[in-house]
Every structure is written in C-alpha cells, then in structure tokens.
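Undergrad: Chain by chain, the residues:
Number of protein chains: 2
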Amino acid sequence: MRWRPDWLRGYDRRVAGQDGLAALIVTLMLIPQGLAYAMLAGLPPQTGLYASILPLLAYAAFGSSRTLAVGPVAVVSLMTAAALAPLYAPGSAEYLGAAMLLALLSALLLFGMALLRLGFLANFLSHPVISGFISASGLLIAVGQLKHILGVPATGQALPELLAALFEGLPATHLPTLLIGAGSLLFLWWVRAHLKSSLTGLGVAPALAGNLAKAGPALAILVAVLLVGALQLEQAGVAVVGTIPQGLPTLALPPLDFTLMQQLLPAAALISLIGFVESVSVAQTLAAKRRQRIAPDRELLGLGAANLAAAVSAGMPVTGGFARSVVNFEAGAQTPMAGALTAVGIALGALLLTPWLHDLPQAVLAAAIIVAVLGLVDLGALRQTWRYSRQDGAAQAVTLAGVLLLGVEVGILLGVGLSLLLFLWRTSRPHMAVVGQLPGSEHFRNILRFSVVQSASVLSLRVDESLYFPNARFLEERVGELIVARPEVRHLVLMCSGVNLIDASALESLEAIAERLHSAGVQLHLSEVKGPVMDQLKRSDFLQRFGGEVFTSQYEALCALDPDSTRRALQQTA
Amino acid sequence: MRWRPDWLRGYDRRVAGQDGLAALIVTLMLIPQGLAYAMLAGLPPQTGLYASILPLLAYAAFGSSRTLAVGPVAVVSLMTAAALAPLYAPGSAEYLGAAMLLALLSALLLFGMALLRLGFLANFLSHPVISGFISASGLLIAVGQLKHILGVPATGQALPELLAALFEGLPATHLPTLLIGAGSLLFLWWVRAHLKSSLTGLGVAPALAGNLAKAGPALAILVAVLLVGALQLEQAGVAVVGTIPQGLPTLALPPLDFTLMQQLLPAAALISLIGFVESVSVAQTLAAKRRQRIAPDRELLGLGAANLAAAVSAGMPVTGGFARSVVNFEAGAQTPMAGALTAVGIALGALLLTPWLHDLPQAVLAAAIIVAVLGLVDLGALRQTWRYSRQDGAAQAVTLAGVLLLGVEVGILLGVGLSLLLFLWRTSRPHMAVVGQLPGSEHFRNILRFSVVQSASVLSLRVDESLYFPNARFLEERVGELIVARPEVRHLVLMCSGVNLIDASALESLEAIAERLHSAGVQLHLSEVKGPVMDQLKRSDFLQRFGGEVFTSQYEALCALDPDSTRRALQQTA
Chain A
9 MRWRPDWLRG YDRRVAGQDG LAALIVTLML IPQGLAYAML AGLPPQTGLY ASILPLLAYA
69 AFGSSRTLAV GPVAVVSLMT AAALAPLYAP GSAEYLGAAM LLALLSALLL FGMALLRLGF
129 LANFLSHPVI SGFISASGLL IAVGQLKHIL GVPATGQALP ELLAALFEGL PATHLPTLLI
189 GAGSLLFLWW VRAHLKSSLT GLGVAPALAG NLAKAGPALA ILVAVLLVGA LQLEQAGVAV
249 VGTIPQGLPT LALPPLDFTL MQQLLPAAAL ISLIGFVESV SVAQTLAAKR RQRIAPDREL
309 LGLGAANLAA AVSAGMPVTG GFARSVVNFE AGAQTPMAGA LTAVGIALGA LLLTPWLHDL
369 PQAVLAAAII VAVLGLVDLG ALRQTWRYSR QDGAAQAVTL AGVLLLGVEV GILLGVGLSL
429 LLFLWRTSRP HMAVVGQLPG SEHFRNILRF SVVQSASVLS LRVDESLYFP NARFLEERVG
489 ELIVARPEVR HLVLMCSGVN LIDASALESL EAIAERLHSA GVQLHLSEVK GPVMDQLKRS
549 DFLQRFGGEV FTSQYEALCA LDPDSTRRAL QQTA
Chain B
9 MRWRPDWLRG YDRRVAGQDG LAALIVTLML IPQGLAYAML AGLPPQTGLY ASILPLLAYA
69 AFGSSRTLAV GPVAVVSLMT AAALAPLYAP GSAEYLGAAM LLALLSALLL FGMALLRLGF
129 LANFLSHPVI SGFISASGLL IAVGQLKHIL GVPATGQALP ELLAALFEGL PATHLPTLLI
189 GAGSLLFLWW VRAHLKSSLT GLGVAPALAG NLAKAGPALA ILVAVLLVGA LQLEQAGVAV
249 VGTIPQGLPT LALPPLDFTL MQQLLPAAAL ISLIGFVESV SVAQTLAAKR RQRIAPDREL
309 LGLGAANLAA AVSAGMPVTG GFARSVVNFE AGAQTPMAGA LTAVGIALGA LLLTPWLHDL
369 PQAVLAAAII VAVLGLVDLG ALRQTWRYSR QDGAAQAVTL AGVLLLGVEV GILLGVGLSL
429 LLFLWRTSRP HMAVVGQLPG SEHFRNILRF SVVQSASVLS LRVDESLYFP NARFLEERVG
489 ELIVARPEVR HLVLMCSGVN LIDASALESL EAIAERLHSA GVQLHLSEVK GPVMDQLKRS
549 DFLQRFGGEV FTSQYEALCA LDPDSTRRAL QQTA
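Protein chains in written order, with the numbering used here: chain A, 9 to 582; chain B, 9 to 582.
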C-alpha cells in the first residue's frame, strides 16, 4: 500500500476546478440525502450531515477509489434502524450513542478484515442474495416512509407489521401533510423521469441538464420550506424537521458498553459486508471507465476510516453510495479531493443552512427517499435469475421474502445459507464421465456423447472437478457403482485433467478406493495429473502405496494396460 | 428403493449357519460393549443391552449393508454424555428419558435427511475434521474412564476439568479397585496386542484365534465376576455394576418435551451426521470387499429406524460400529440376518445373564473401554495431514484441540467452520494464467512456464476453475489489473476450458467485466466454452449483449482477432 497518494503529484488548478464543481453538485445532493437517511435510520437530522463531513475526509485520505462518494446510504440506514429500533426509542440519546457504536464496530470489523486480508468474505454475499436484499430493502424503506406522506404514526420492521400499522392509521391521514407529500412525490418522480430530457429538449447541454435534475430534491426542499413558512403549516400539524443545532459536530467516543457491543455485532458485521460489497462494485465500475484500479484491501481501510470518523463525530454508519458516486464521476471529479471539498461544503451547510431547514416537512424528505429507493427495486431481476439458474433464483427469492417478512438480518442469513448449501450440494456431485477412445485418434471422450471404443478390462473415468471434501465420498460411491456394474474390469484409470486440487479428504478417499478396488481384484491408476497436484501427492505415501501407475496421458495408460483395444481403436476410422 | 431385500431369495441353511456363527461371536463382544458404553454415556447398564436388541432388528429390515453391526458405540456415547450431563444427573430417570429423546431426534433427523436426500450434508465433515474428532474423543473417553480404574469420583467434560478432577481425587485412590482395573487393562491390552499371534503360534487357525481374541473382554468379565464374588470385594468398596433388571425392555415413547428437544437438537444433529459418516464408511469398506454396494440414502433410513427403535425401547443413540462390523464380516456374516440373530442373542443375554453381571466391577468395563478407544487415537495422522496440506492440517489440529479443550460440539463446529472458510478462501482465488501460442503449434500455454508468442492487441486469459460466487469478483479484479497493465490491448479472450459452471453471480461479473472493458475500449470474447455452460448462457441475454464472440478454440479466436500473430507463431519452430 502506498501512503502518499499518487494523485497529489500533478494536482493543479484545472483538476482542482473539476473537483470543485463535482463537490458543489454532490453537496447539493447530499444535504437532503443526509437529512433523509438520518430520518430513515431513526436519528436526529443533523446526524446525517455530521456523517457526511469527517467520514468523507477520512475516506479521501485512506480509500483507493478516486471518485467514490461516501456518506449515509439508504440500505445501511435501514439496517441501522433495524438493529437499533428494538433496543432504544428512536431519536433518544441512547439511540444516537448506539448508532455511533455501530459505526465504531463496523470500522473495527473493516480494519480487521483489511488486516487479516478477509475481504474475500464479502464474496459470501452472492449477486442473487444482494439483489434480493436490495429489492426487498427498497420496498421496505418505501413502505416505511408512507407514514410520513400520510402524516400518521406507524412503526414496524417487517412488511406485514408495517402494512398493518399503515392500514390502521389510514383513517387518521393528515390532509395538508398528504398534499405536500404527494405533491413532492409527483414532482420528484417527474424530475427523475423527465426533467433531464425536457431540459435537453430546451437546448440545455445534456451534462448540465443531468446535474440540474440531480438538484431536484434540493429544489423541492426550498419550495416546501417557503410554503410551510408562508402558510404556517407547522401550526396546522404538518410534521417538520424542527430545530437543527447549528454548527459542527463535537468529537466524542460512543458509549463503550460491552453488552451493547455484543448485541450490535451481528448487525455491524452485515453492515460492513454489505457496505463493502456495494461500495467496491461501484468503485470498480467507475475506476474501469478511466482504466484506473481500486485495491479492495485499501477500500476496507478507507471505509473503516470513514466509519471510525463517523463514530467519533456524532454520525452513523456510512459507505459508498451508488447514485452519489455516479453524479460525482459524471460531474467531472478527478481525485479524492472532490470528496474532501464535498465535506467542506456539507460543513458550511451545517454552519449556515441549518436554521433555514427548520420548516422542512418530513413528508418531503420521505418523498425524496421513496423516489430514490424505488429505483433499487428490481423484481424483474428475480425472473431473470430464475430463468438462468433455478438454484440462484431460489437463493434470490428466499432472500427477498426473508428480508420482507422476517427482517434484514434473518433474510440475508437465509439467502447466504441457502446459497452455500446449494453451492456445496452442487460441488458435492461433480460431473464424471466414463470415456472411451475416439476411433482413429488418441483422444478419449464421454461414451454417452460419442461413438467410442471401450476396453473390456480397463475402465476410464474422467473427473471434471477438483477433488475435495464436499465431493470426495461421491467419487467413492460412483466408483463403487461402476465396478459392481462391470465385473470383468481389472483396471480403473482416473483421468485427472480437470482436477486442480486433491485435498486430504480426497486423498483418504482415493486410498479407500484403491484399497476397496484391490480387494475386488481391480487396480487403480491415474492419468493426466497436473503438476501442482502431483507435487502435493508426492508429499504423502499414496503414490508408493496405491499400487498403480500415474500415466502422462489416458492414451498412454491404455497402451500399457490394454494394447489390443488401443490398436483396434486406431485402426477404425472415425 | 427395493423393499423386499434380495438377500432373502436363496437364503438357505448354509448361509444361515454362517450368519449364526457370526451372530454368536458378535453377541459375546457386544454384551460387554453395551454395558460399557451405557456406563460411558452415564446411563444404567441395561440401556446398552436394550440398545442392542430392537435397533439391530430395525437396521436389518431397512439398512442396505449386509454386514454392518449397529449398536452403542464409543464416540456416540461420549457425545450423548456431553449433551445430557449438563442437563440432568447421570443415571436419573430424566437423564434416561433425555437419552431416548436424543435417539428419537436423531432418528427424525436421519429420516429427514433420507427424505430430502440431504445425505451429502455429511460431506461437510471432512476427513481431517473427523480424524481430529475421533482422536480427541478417544483421549477424552480414556481419561474420563480413569476415575473408574482409580476408584475415585471425578466429573468433567473437557480435558483440563477431567485432569484436574482426577488429580484432586488421586490421594483417595481405592487400592482393590486399582488392582482390578490395572489388571484388566494389562490383560485386555495383552489380549488385543498378542493373543491372536500367541494362539496362532500354538497352532490355532488364524480366524478362530482372531475370534477368541475378540472374546477377551467377555473372559475378563467372567474372571472378574467370579473374583468379586469369591473375595467379597463389593463389601470392600469395589464399585460394581449392581442389579440389572432381568428381562426385555418395555416399549414406551420418550418424554416429548419441546423445550428439551430444542436443547438437544444440535447434539442430535451432530450425532446423526457423525454416526452416519462413520457407519457409511465402514459399510462401504466391507461391501467393496465382496463387490457389493451400499446405498447411502438407504443407510440413512436404516440408521434412522435403528435409532427410532432405540428411542421406544429404553435405549440410547446407536450407529454402526467399526470393530464390531469387521468382526461380523470376518466371522462370516453373509446377510442382515446375522444382525437379527445378534439381537436374539442379546435378548437372551438380557433375559438370562443379567443376574450374573451384578458383581461385575465397573473398573473392568472402564478398562475395556480404554483399550478399545485408545485404538482410535492417532496423533501421527495429524503430522501426516499437515505435511500433505497446511490447510487440512490446520482444520484437523483445530478440531482436535477444540474437542479436547472446549467440548465435542464446539470442537467439531470449529473444525467444520475452519474447513469451509479455508475451502471458500481457496476457491475464491482460482488459478488463472495468461496464455500465449506455443511456437509451431495451435496450442496455448501459460506465459510464465513456456516460451510462447503473445499478441500485443489480444490478451488470452485461461481460468482453471468453475466461475461461481466465491470467485466471481476475484475474476473482476484480476481482469481489471491485467487491463490496466496492458494499455495496448483491444481484445480479451477468456479461455473457458476449465470452467464447468457459470452461476448467476459469475454471469453478473462477466457482464460487469464486459461493460468495464467496453468503456476502456476493450472487447471481451469467450473461447472453448463447454456445452452445458453454453446451454445455460443461452438462457440469459448475455450472449446478445456482451458484444463479443464465442470461439470454439483459442486458436480460432486468435486467427480471427490477430491473424498476424498466429501466423508468426506458426512459422516459428518450437
């Protein structure tokens, strides 16, 4: 790892200008997002701003992506709420302390993963599991925000609870709130779907049009604040954000409560993994567009530093955001300096803008969240995955249903568990083919697919998988079956062209196979064993003990064990 | 599955005679084992006998091995004790009920595995984990029995506890007990190590000598019972088995306590898996010697039936025993009828012999257990495994240490967890090689190992592993690195000869790779894609969308993408 970032060399006014413009646009996008995701996480609004200051500086110093924009994101905020709501009352000091502790644990886990090079653990989360989780999260978040649009109280984690609570609250719908919420929803949806093309149609340059469209939520906020103030809607019962302390966060450690840490650990682990996976895939996509590289281990460090910064500055868990990073990239950000400048922008916002945000209706923030997260819901992906692979489709469906019905953590664990189970089930049954010699050639092919010449006394079995513990016993069984079905066989040649590894379990199985074959009057041989596998076999006494030979090729094996058969096959024409 | 066993056809007096002799020998071996393993499990002695009657009949009816001898075995008895001792006082009615419930749960789990074809779950338990577990169990059992040899009270599950308790009890050693115990140990050790060769030296046929040696424990029991009676040793404080109820077990369900079931479930799952693995590997070894087959799913059913029978007849969890099955096989057992006849033998024993066993010293049973289980301890295997593979060696060492220090369940779970982690770590980093054309040939080989011709504009990458979620992102990273390092490359050909599967995660990765390469001005292509993989890819829209071609061979790809390079390579001589 290089500690003096190479982007600092050659940093000049032109690059600074590009970074500065990107920072300005991201700041305009991030202020409403910060407020909204803090509300989604059940935290005071300023928490979202605080989590967008120091964490951005920390990531800029330690991360490896040049354009990733970190901060509070929707799914992580949902997971934060899911972890904390059962423990404390949302908005309370204990709740905020626990959110900071969650960020601290997440930071420690990310550092630990970086130190022990455990970034590969994120691969546990297969694409179908993540896709199912993201869709379900989007739905959960959107449904969860409807209470703010309707202006009714409703709590709950899982979908059935949420829907029941909403349904119960429906008669109490607060009309002014609903008007503001629905209006914001319509406006923001129109901005998202049509503003860019309308502006382009009016002759605005596409890049600028795109950036203006991203400022839609900021515009909605401005209008709503003015409206609430002018019509005195707060007095009419419209829930507003309220007083936000003006100024910067004070630095303080979260409460280091050991029992609480234990309770939060599973959620912190999931938040770290999910945040890391999402962040890395955004960062990689963006880096590739400019032929840059990101280093996953450096990303762990960068995200860890960002969460540590959030933990000590009254923040909440953060990670790289998809939409935000794309905006940063497309607005022309060249270096992590853009992130640092965004932090400055948010800090200025926290210092200067907060008094103006008092009248901001929660319904507008809810509308911004709903429009943002509905883009995450992709139920068509489920059908696609199912069509491609039943197993992957099952994992995705289970994750989706699990997250919706049983909660975030249980859903993800179910999906990962099922993926692993199906994966082990699949690798425990490797493809094996009895092969015979193609007439007129030295090649051996599957007897079920090709018309080949088979020896009566020599059975040739090709294994299309590395041999390791999940499938070792399967090989034993398959060989047992084959030998019982062919009493005339005297030699079995295991063709190992597809075997990249033989672990200790498979070695035991090979020994058992050799011994059992022996007592049945059959000799085991190997052919086409790869170099590294052979090196490892030589470290055991298997090669001395199994009594057979290791042939360079299957053809050589047949030449030695049943020359008549190979001669017959060569003489035939294909 | 065939429900009318084929061995019944052609069953005649000759076969019945062979089965009968084997049954007699196994009965003589099983009576002391039943008593001993019941004591080891903390159960009244008759439990071991009862678990050797109906379960044997049930296995004979439903199992697939012709020679497997089921009943109480050492490691399962240890696991039973480990599961029950924290809950109830050994020997109490609740303890016995819980043991029956454990057998019932084990039966249900085995049936469930048979129904859902989940027998492959046993493959989770790699050879190193099982080997580590068995050695540690042997040590734990042996140390745990020393209290009976010394005649001191000592309880504890893990090794440090056991040793501390023994050390504390040492001053209270009961001399007559120690004399009997040590004498039995010496005698049984001599029988095991030397009796067969001594008898053979005296001209006894080796088979008979072997069978006589197996009856050693029965002989030790006889002598000890006579001695205790003659010298009135019970009155001198030698602990004896005591009154064993005469007769057959009464049929009754275990207490169906739901809370207790939940507590026992993990232990029942491990007992089922370990019992199944041990049983199947013995059965397969024996079946292969006569070119017979065993069906793993039928074994699940057979062992399930045996445990169900144990659960309703005041028994304890059972499985196939290694030593016992070998004796059965070598004594000439031909069909499951031998098992059924053994059950009759044990039933007769329970009816007629029990009064005579009152004076049997517990020290003799302990000695029999120690001599039996020390054969399980194989610490040399640890060194061997470590030499063969560091990863497998680590899994074995962790299991061994875990079982000794933290208990059976924790130790096995640690070992399995580590195995899976190392396995996933290994498969998450598949071997990939940049390949070039061998001069004068159409073959492509690793550029690091061979002197090959590389195209400047076409990068050829061979992947030596199926592509699935644990390694999908690794491929993304590797491709990213390669492309950044080679700015002149315009085509990347992924050579898929070693790819047996592309799951949905890997498909997403391929799409991401194609897209990222595209935005970097590089086109992705595939070559040598196997038929089944191609079939699956066709079920997605990847092939339409990725913009590249699928070439039959790597050579064909280079001919199409950089004909100059292939011509140059062909003109060179090797």
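Source of the hints: derived by calculation from the structure; they are not laboratory data. Ideal Cβ placement from N, Cα and C applies to all residues, glycine included. Be aware that a few hints might be false.
So, partial list: chain A residues that the calculated Cβ filter (under 7 Å) puts toward chain B [said to hold, decoys possible]:
| id | residue |
| --- | --- |
| 1 | Asn-131 |
| 2 | Ala-213 |
| 3 | Trp-394 |
| 4 | Arg-398 |
| 5 | Glu-516 |
| 6 | His-526 |
Examples of chain B residues toward chain A, derived with CB under 8 Å [claimed, not checked]:
| id | residue |
| --- | --- |
| 7 | Ser-134 |
| 8 | Ala-275 |
| 9 | Asp-472 |
| 10 | Ser-527 |
Undergrad: What hints, given by number in increasing order, does this structure fail?
TA: Going through the list in order, the structure violates hints 2, 3, 4, 6 and 8 and respects the others.
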